[in-house]
Amino acid sequence: MSSGVQTAQAPRNERLTMLRRIAIVPAFNEAGSIKRVVDEIRAFDPAFEVVVVDDGSRDETSAVAADCGAHVVRLPFNLGIGGAVQTGFRYAWEHGFDLAVRVDGDGQHDPAELGALVEPLLADEADIVVGSRFVERGDGYRSSVSRRVGIAVLARAVSLLVRQRVTDPTSGFQALNRHAIRLFAADYPHDYPEVEATVMLFKHRLRLLEVPVAMRRRESGRSSIGTVAAVYYMVKVLLAIFVALFRKNVVPLEER
Amino acid sequence: MTPIGVSIAAAIASVVLLAVVFELIRSRRLREQYALLWLLTGLVLLALSLWRTGPNTVARWFGVHSSPSALFLGAVSLFVILLLLHYSTVISRLADQNSILAQRLALLEADREESR
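Protein chains in written order, with the working numbering: chain X, 1 to 256; chain A, 1001 to 1116.
One chain only, chain A, in its complex shape (with noise of 0.2 Å):
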């Protein structure tokens, strides 16, 4: 069993997670194909969260037993995560740049061509 105190801080950051990826879609920050991988992320922990057996009973399949691992392993993927959400935030800048650029040239050419 979580203790409450650990239900109700895993509960927040699930939704301050959510809240954020939410805020990259909005501000066009965030491909869509990322965001439904990390809206579902987000949910995922908010489910983890508030299901207070839950953590123990995954924790049991994969043969993990004691709370400092637990609690270990959990710190990194928070950090895995939020990383791998920047990176998801680089990538569709990156992506929206790339477009941008080809129709402009692809623009600029025909003009190009037009006026030979």
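Just chain X, same shape as in the assembly (with noise of 0.2 Å):
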């Protein structure tokens, strides 16, 4: 298997150019949001194709997607994040693309802060390179306490598993290549989906670098997670990521 983000020894943004790079956009029911993420993307790096994931939607999303010029992948029922987000991957890896950043269909990922999370993967200096809210500028992003406890509980527990610090377990602002991509196709977890992915790339062997962003508020739909609820998904999680060391890899280390 080739990677075209390791071949080339020139500038980098000549190497930007010889890249077919995707943008993954999982949406459900984010048809007032969709068009200004699409076009976003668009006006950061034209030569993105992006590929809207609609997790079965009831309200427009999927036509509007397409009016935007996006490639459209429209579920046949709600999957939840994790199997949407695997669809774009799976997208990315049978079409060939080199590079894939994720960018949810909300709105709180801002496009404008894909050029920290690309350039670590052209420099090769990660395989995977996530958005953090929480290195250094943490500017902006506010969310609610048992929220930011949860994350900060999974930080450090995921933290102690992989042998890094990891700041934002859960961010899914992310910038990938071809090793990551293949992973990700072939196996990705189902609801917040990340912390475990973050334990998958550690036993692939993968590289994984975090990079401060700024996140915006969600411009529509409802937020995924209430405050029961994150303290089921917390436990839940940290059975999963415990589990996720046990696991045999599905797919084989790769020689560097």
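Think of the hints as simulated: they come from the structure by calculation, not from any bench. Every residue gets a Cβ at the ideal spot worked out from N, C-alpha and C, and that includes glycine. Any given hint could be a false lead.
Said to hold, decoys possible - In silico SDA-like links for lysine to any residue, alpha-carbon gap of 25 Å or less:
| id | chain 1 | residue 1 | chain 2 | residue 2 |
| --- | --- | --- | --- | --- |
| 1 | X | Lys248 | A | Val1015 |
| 2 | X | Lys248 | A | Val1020 |
| 3 | X | Lys248 | A | Arg1093 |
| 4 | X | Lys236 | A | Gln1033 |
| 5 | X | Lys248 | X | Ala157 |
| 6 | X | Lys236 | A | Thr1089 |
| 7 | X | Lys248 | X | Ala155 |
| 8 | X | Lys236 | X | Asn249 |
| 9 | X | Lys236 | A | Glu1023 |
| 10 | X | Lys203 | A | Leu1024 |
| 11 | X | Lys203 | A | Phe1022 |
| 12 | X | Lys236 | X | Thr167 |
| 13 | X | Lys236 | X | Arg163 |
| 14 | X | Lys248 | X | Leu160 |
| 15 | X | Lys203 | A | Ala1019 |
| 16 | X | Lys203 | A | Ser1027 |
| 17 | X | Lys35 | X | Glu60 |
Stated by the list, open to error - Here are the in silico distance ranges between beta carbons for each label pair:
| id | chain 1 | residue 1 | chain 2 | residue 2 | range |
| --- | --- | --- | --- | --- | --- |
| 18 | A | Glu1114 | X | Arg36 | 19 to 27 Å |
| 19 | A | Phe1062 | X | Leu209 | 55 to 63 Å |
| 20 | X | Pro76 | A | Glu1114 | 16 to 24 Å |
| 21 | X | Val149 | A | Gly1063 | 40 to 48 Å |
| 22 | A | Val1016 | X | Val235 | 20 to 28 Å |
| 23 | A | Glu1109 | X | Pro252 | 43 to 51 Å |
| 24 | A | Val1064 | X | Val149 | 37 to 45 Å |
| 25 | X | Val231 | A | Leu1108 | 34 to 42 Å |
Using the hints, put the two chains back together into the complex; each one sits in its own frame.
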């Protein structure tokens, strides 16, 4: 398997132009914000192809996305964020993209920040780059106390397991090279997938890097989690990441 | 007071149940939402077998006084537990297959739309 990320010696922006790149946008009932998200990705880099994964929306999400010129993959019913995102990774893998970014359809990820995510991949410093709300500058992002505590507990647990400091293990604002796309196309967890996915990366010896990003408040749609649910998910995810350590690898380790 | 032999046997059975549940999660045959329930069940059974005055105390709460009744109740619930565990794995597998089918269908449809 060849990885375009590592091939060239050309300057970075030239290398970027050679890569086939795609933005994966999972969306569930986001007709109100999807156009702006797609437009902003194009504004960042017009050469990005955009695939919107419509996770069984009951509104016009698919139609609006198609009108914006995005590829649309429409799931027949709601699979939840993990299933939707994995669909996007499968699309990227099967269509031979070298680089994928994930930008959520609710508008909380600002495509203007994509440069910071993509740069370390081009320099081959990581296989996956995750935008963290908590590295150094945490400006602009507010969430409920229970949610912040939950994320802090998960961050501590994940950091211990993967022997690397991870500050925002639930962040879905990510950029991936071909190695990481391949892994997540083959296997991806269900709800709050990013935490368990971090352990999968570690087990497959892929390199994770966190960079600071600012995130916005949701533009439309509903938040995916309440306070009681936060506790339930935290316990469930803690179990999931513990078990993930004992699971067999789905993709063979690669020589580097 | 539970006889020491029964207590040991029950404790071993509980540990085996916990081990089976763990293996099922590890091999992805059991989804986490069922797994939590099963781990909890195993832990309660383990606690009841180690806490030797416990079953009598609990039996008295429910007004059961004869030990054969308690034994019968225990055996039936163990069977039901195993059956339910089996169903949990079946549902987990179906849910996974369902999700893979949905993804495949959606990807194929997207490709078909674009090749028009």
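Of all the hints given earlier, name the ones this structure violates by number, lowest first. 23
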